[in-house]
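> Sequence:
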Amino acid sequence: MDQPQGTTTQAASDGDPPPITTAAPVDLLAAAEPSSLPRITNRKGLPVESPGRMVLPNKQSVFVTLSDISRGGCCVVRKGQLALKPDDRVCIEMWREDIQTKASLPATVRWIRHVDGETKAGLRFQDTSVRTHRMIDQYLQRSFRPGG
Numbered sequence: 097m098d099q100p101q102g103t104t105t106q107a108a109s110d111g112d113p114p115p116i117t118t119a120a121p122v123d124l125l126a127a128a129e130p131s132s133l134p135r136i137t138n139r140k141g142l143p144v145e146s147p148g149r150m151v152l153p154n155k156q157s158v159f160v161t162l163s164d165i166s167r168g169g170c171c172v173v174r175k176g177q178l179a180l181k182p183d184d185r186v187c188i189e190m191w192r193e194d195i196q197t198k199a200s201l202p203a204t205v206r207w208i209r210h211v212d213g214e215t216k217a218g219l220r221f222q223d224t225s226v227r228t229h230r231m232i233d234q235y236l237q238r239s240f241r242p243g244g
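Each number in my numbering comes from the position in the sequence shown (counting from 1) with 96 added on.
In case anyone wonders, no lab produced these hints; they're calculated from the structure. Among these hints, one or two may not hold up.
Unchecked claim - Heads up, simulated BS3-like pairs for lysine-lysine below, C-alpha to C-alpha not over 25 Å straight-line:
1. K155 - K198
2. K175 - K216
3. K155 - K181
4. K155 - K175
5. K198 - K175
6. K155 - K216
7. K216 - K198
8. K181 - K216
With these hints in hand, go ahead and build the complete structure from the sequences.
This is the structure we're talking about:
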């Protein structure tokens with residue numbers, strides 16, 4: 097028998113187990129502080145500043161620096177302020193000329209920090225296909241290779 101959320105199921109007699117109380121679901125990602133958001137995968141800090149471009153919700157394109165990346169998302173940095181807020185949809189473009197790879201990845205803004213004249217944004221990639229994972233893996237392998 098399904099019970100509405102937030103209700104208690106009463107025991108039929110003294111010999112039955114205690115009542116079960118269910119709580120309404122809570123969106124932990126929405127309620128969490130940026131530093132406590134769970135990661136889908138471990139991120140790797142990039143050994144050098146990696147250029148990228150971000151297409152903002154207003155379709156403006158701005159250059160950013162990727163500071164870390166994983167299959168699940170990345171952190172971008174830009175001097176000055178960016179007009180972003182959590183849950184905004186953006187597109188991050190990253191490229192490596194040495195492997196002739198360019199990736200355009202739709203992402204959702206998870207958090208924003210404005211510190212010392214910079215804006216940092218945590219992005220979660222929306223596309224988690226095998227093809228996208230391979231592209232990110234190739235990008236990371238090349239970034240960590242000597243001379244890469």
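> If a hint holds in the structure, say so; if it does not, say that too.
Here's how the hints hold up against the structure:
1. K155 - K198: Holds - the C-alpha atoms of K198 and K155 are around 19 Å apart, at most 25 Å.
2. K175 - K216: holds, 9 Å
3. K155 - K181: It holds: about 15 Å lies between the C-alpha atoms, which stays within 25 Å.
4. K155 - K175: holds, 19 Å
5. K198 - K175: The hint holds at about 23 Å.
6. K155 - K216: holds, 19 Å
7. K216 - K198: holds, 22 Å
8. K181 - K216: holds, 11 Å
Of the numbered hints given earlier, the model fails none.
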